[in-house]
Each structure stands twice: as structure tokens, then as C-alpha cells.
Amino acid sequence: MRPPKPVWSIVLLLAITVLLTHCGAPSTEVAPTQTSVPPTPAEAKAEPTTPPAAPAEPTTPPAAPTQAEPVTLKIIETSEAHGYALQKLAPKYEEMTGTKVVVEIFPYDATYEKEVLMFSTGGSDYDLVAFDCIWAPLFQENGWLLDIAPYMNDPDLPDIKLDEFIPGLADYWDVVGDAVYGIPHDYTAVILAYRTDLFEEAGIPGPPQTWEEFHEYAKRLTKDTDGDGKIDQYGFIWHGGIPDSAYGDWIVRVQGFKLPEDQIEHVLNAEATETRFMKYPYGVKALQALLDSMPYAPEGAVGWGYGESIQNFTQGVGAMYLDWQVMFSEFNDPEKSAIAGKVAFAVPPTWEEKNYVVGGWHLAINKFSKHPEEAYKFLAWIASDEGQKAMIEAGSLTPYKKFVFESEEYTSKYPVFVPMGQIAEGRTFGAARTKHFVEMQQILFEQLQAAFTGQKSAEEALQQAAIEIDALLQE
Amino acid sequence: MDGIDKRLADSIDHRTGWLSQFDQWLEKNIKWCLLAPALVVVLVLGVYPLVYALEVSVSTFQISDLSPGEFVGLANYIKVLKDWHFWNVMRVTGSFVLIVVPTELLLGIVIAAAFDSDHPILPYIRTFLLIPAMIAPVAVAILWRLMYQSEIGVINYILSLIGISKVEWLGDPDVALFSVAIVDIWQWTPFVFLLVLAGFRGLPVDVIEAAEIDGASYLQSMFLVRIPLIKNVILVASILRFLDAVRAYDTIYVMTYGGPASSTDVYSMYTFREAFKWFNLGEAAALSILFLVILSVLVPLIFVKGLGFRIENI
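Respectively, the protein sequence lines represent chains A and B. Each residue of the first sequence is one higher than the one before, counting from 2 in this note's numbering. Each residue of the second sequence is one higher than the one before, counting from 24 in this note's numbering.
If you are wondering where the hints come from, they were derived from the structure by calculation, not from laboratory data.
Output of the computed footprint for chain B on chain A, the stretches with three or more beta carbons under 8 Å from beta carbons of chain B: (1) 237-246; (2) 297-304; (3) 310-322; (4) 443-452.
Calculated lysine to any residue pairs in the SDA-like style (CA-CA distance at most 25 Å, straight line): (5) 300/B x 82/A; (6) 436/A x 281/A; (7) 300/B x 475/A.
Quick partial rundown of chain B residues pointing at chain A, CB under 10 Å, derived from the structure: (8) 168; (9) 169; (10) 175; (11) 188; (12) 193; (13) 194; (14) 195; (15) 196; (16) 199; (17) 281; (18) 284; (19) 302.
Built from N, CA and C at the ideal position, the CB exists for glycine as well.
Start from the sequences, fold in the hints, and give me the full structure.
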């Protein structure tokens, strides 16, 4: 008997292969973290990302769309307090207005990548985007954010009063000429946290007012407490291990210098076409001050990020710590901190002027959003006093409106608000305003680390950084 | 009966003539039909992206609308080659590979030799040894980063108990690369161990017994008989580890972010930054193509010319 021909088994095998490939691979999209508002299956399905036809810039807001279906707004946020607060407030907003809000939270880097990719493809996956202020120039120059000025001028829509925000936020990041591209919903400033018990023990009356005092106190507070010949208490904690933290430790020392007449901030010129921190002495002086103080901080701090510095401070390794105040939430929590109840907060030291670096996250409308008016109403609510109070109650202790710092109710309940309010009264600066900021920060990080590790002097490091950044800005 | 069978067979062949032709065609081209789905996948997922990357690498990529932009020839390549970062990451990546690959091979062979036995307890211990390879690299990196902490980390604590002063594992540029390499070795030596052990277990017993009868000691048997017999397994393991090591990213990203002072900045981190943090996609594509060219030259040089690896021995 002839053996059966393999024809049909082969044809069957090919058919199965085609069917399997046709079914497609599962999505490799990193699942966003959603806690309180899980999306419905319809919402979980990604919106189509085909680029829309280029919309004409509206001079007046478009007429409200007549929709039988309730609107659902999608917001992309990051894994910080303001993101989680928006998630918690989403049901409340829906109850108030009937507009459903879905907040998707991603880690910092992923938020940036997703937003840039969405904007680049003209996607409308998200109606509202939260972004770090340093991303604002890139988003604005590429025309990715909706100008909300026409909506603000519409008498039928709620108003947003920009002068009610902390100075240095909306006016520096969101306002470009006559256009307004978003609102701040998170205000962070570099604050000094210090150990009141160690200060008292050392006979130091209060937090340092100048960087000279800071250096002196750091020296006095660095000691071997258990007599084993090794230092186990350091004057201060810092963190040079990631671009943001290394830049932060340098810039906080830069800001205290008097700003030259032709400057609007310390890092770049007004047109953001060249660096200024080598044309004036403050850049090198600030870095040298940090290098001179490094012996009074843990040696490993050059490689620390926020996590290590917070851990070490809460374990009692250092007496002072400068950082964005959003990092300080655990310091007086007895469940998470070995030094709970012993930490007070103050404005950072300075050199010549009370200039302070501030930053934070902003919320804006995606230019390709299909619900711009509803998105604007949500923005207006967040920008209102009511929205601000709701954000604080939801756990976002980075208030962005001035009235909070003038309120006894809040400043007594949250001691860190006191120095934040003082900073808001001083002269506040954002980071350098350029679409190349992320790249610029990386260049500074590499050269600052070369200085931290002794491979270059402060001047050599910053000179090299200036050369590379100037070349970048000329591109 | 034969006549009836023959008439029946002829009538069937006549009615199904097109099937017969298809059958013949299929038998002649069966290998291409079976390869076709895989070829399609390779073309779509491998060749097309490569060609597209080549196109992007010779153009200015517009982030605003993700379009290739204008043709600039080799400008991106020249810019990359003139950048000190490129030579730094080449040096760091090369150093990292030279540290981890030989170490993992050596340790893997030694441990596999120790486990090449029928002792009943060994399978249980073997399971524990494999645990590091089963943990996600990011989790491993976070774990080791905590242990490496200079002030409150467990490693420096243990060292202090035996009188050794603390080491700045991730803060000292002279030490950081070794610290990261230790983590890679800890995680991936079990993989090499598993491959080599499988090689040892597959060896013909009579050859080894013959060597023992001839008076070969354990070490002589190991180095002159067993290891030469599993040479191909070792070479496969070394190629796999080499390719993984040159692409190291997640562990280093979490532990050091390329610092301190760019001492752990490897090729993949640099390429990722160019592509997805700064969206310099033309330069990132040029970096990727350069990397492909370098590996295409290095792998045959090292593994074929250098170690005498033959393709037909796979």
C-alpha cells in the first residue's frame, strides 16, 4: 500500500499557521496604574491615532458640541501626589458635572515618552496632559497644546485667574505672548529640612541663612557619635546620582546670587541661545561651594537618587537635606521615619538675594482633543479655589494658589507650607526655559559628576558643559 | 480484481488531476512553503525595521510629526563618531563584556563540574542556584542597589563586622563598573551553569570511563576529555552571554543611570537616551546601525577566527 501523501497535512499546517498569525500578538503596552477609577472596556480600548487634518487656530472657542452621550475626559498623569489626587477627585467631578474623568498614571519617563509619541502622531488618546514644567517649551513650540486664552475670554465659560497662582509658575511656563497653554496644578520648591534635635545639641540657633553658614553648620554637625573612629553623622545629605538631583543641588546654590541686569535667569540668556553660567562667576562659585561641602556629606551621595537620600535622612544619617519639598512627606511620619517629630523646614540659604528655584507639574489640553470645551471646564475647576482645596484634601500637598499660604488653617496643619509661602513671596525662577532642557540637564549632569568625582575642577566641568550646551542650542 | 483496482485508480487520478499537479508542486517546493511564515515574520519584524532604520540614519528626523525629514548622507554618523560619548560608551561596554563573559563562563563551568554527579541532594541545590536567573533584571537591580548603599546597605555592614572600611560601590567611578558586573555575574552565571551541565550530562559515559581506566586524574579527565567534548556548548553559551552583555541596559539604568561620571554608561543607554529622551532619532538610528556593523565584524572575529568555532558544529 502506498504511504499517504503529505499534501493535506502540510496544507492543514499552513492554514493553522496563517490563522495563528492573523490573530495577532498581545499588546506589549505597559499597563498604566489605575486604582480608583478602572476604565470601562470601551475606554480601555485605545483611541485611533490617525493624524487629524490640521485644525485652524481658533480665535473663539468652538460651539459646544451637541452630544447625546456623556463626555469622558482622559488624563495622562505621572506617579506623584498630584496624579493620585486627580484620580481620587475624578468621581467627585463626575458627580458634580456629569463628565466622566479617567486618569491614567505612568512613571516619569514613560509619561514623557507617551506624551511625545501621542502628540507626534496627532493622537487624541488623552484630552488633558500633565507635564513637568521643563517639557513646556518643547510642547508649546511644536504646537501640541491648545491655547486656552479664547476659552478664558468666553463669558459663558468659567474664568481662570492667572494672577492667583504662585509667581514663577503660570507666568513663566504657561503664558507665551497672548497665548495661555495650561495651568499649574503642582508647585514644588527646593526646601531645607533640618534636624532640630541635632541643631539644639550643637548649639546652633536655627537654620542657616547663607551658604557660608550652611558650610559651617555642616562641618560642626559632622561627627563620630559612637567613638569608633568612623563618621556616622553627616552635616548634610545630598544626591548627585541622577540628572535632576545633580542639577538641583547645583542650581539651588546658583540661584542665591544676584541676577545680572541683562539676565532673566541664571542659566541661559533671554533668547535661550547661549549659556550664561560661565560668563558670570556664579556658576563656578556655586559648584565650588558644593564641592567644598562634600566632605561633610556621605561619600556615596555622589551616586544617590531621591530614594537613597530620603532613606538615609530618615535613618538619621544627616542633619540637613535640601530637596523638592514633595520628597519630604515621610520625614515626620513615625511609621516611615526614625526621626519623626525632629524635622523642621526652612527656605534654602542664599548668597546675595532671596531668589528661589521653583517648579512643578502643569495641566494642559491636548490640541487634538475631541472635547476641548469639557477639558477646559475641568482645567478651570482645578484652577479654582474649590479645586485647589479638593487637591489638598486628596493628598496633593503641593498647592499652587497663593491663598493657601496666606491661610492659617493650612500653614498650621502643614508646616512645610510656611517656607513654601516665603519662597512664593521671594523672587522665583523656573529652570531654564528651552525645548532642549532635558538634553541640557544631561550634559550638566555628566560634567557635574566629573567635578563631584574629582576628575575635573569646577571651572573645567562647567566650561565643558557650556561648550556642549551652546552647540546644542545652536542646532 | 487488479483490473478493477487499476481502472478505479486511473479514474480517481483523472478526476483529481489538479490535485495531483498541486501535490507534485508541493513536494518540489515543500521547504519554501514551510519556511514561508517564518520568512514573512523575519521580513516584517526584522528586515523592514532595519531598512527603515537605515533610512532614518541618513536623514534629519522631525519629532513634530515623526517624519524622516531631509536626506543628510553620513552627517549623523560623523556627528556620532566625533562625540566623546560614543567612544566612552564603547570603552565602558567593552570593559563590561570583558569582565562578565569570561567570569560567567569560568564560574559556570566550575559549578557545572561540581554538580555533574548523581548525589540525590544536588537537584534541590541546583534549583536554588537557578533562582537569580528567574528574577526580573529590574528587581535584581533594585535589590542590589539597596544592598550596595554605602551608609545603610547590608554589604558594607557585613564588611564593617570583619574590619573592612566601607566601599562606595556605586559612588566611586573606579568601582561602579565592577559593582554592576558583579550583579550581572550573579544573575546570569546560573544560565551558563545550566547549559554546561546539560553538556556534561550528555557526554558518552564510555569515553570518560576509558580515560579513567587509562589512568587520567580528575583534572586531566576534565581538561583533556570532558571540556573539549563540550566545546560547542561552551561556545554557544559564550555567544549568548556576549550578545546579552553588549546589550546590557535595565540593570545599569536602575543601579547607576550610567554614572558616576559616565563610568557605567553603556552603548544601549546612550542609544536609548538619544532615541527616547531627546528624540534625536537620526543619530540614534546611526548608533544602532554602527552597533550592528561592529557586532557583525566582532562576532565572527572572536568566535570563528579567534576560537575556531565552526558553523557546522552548531
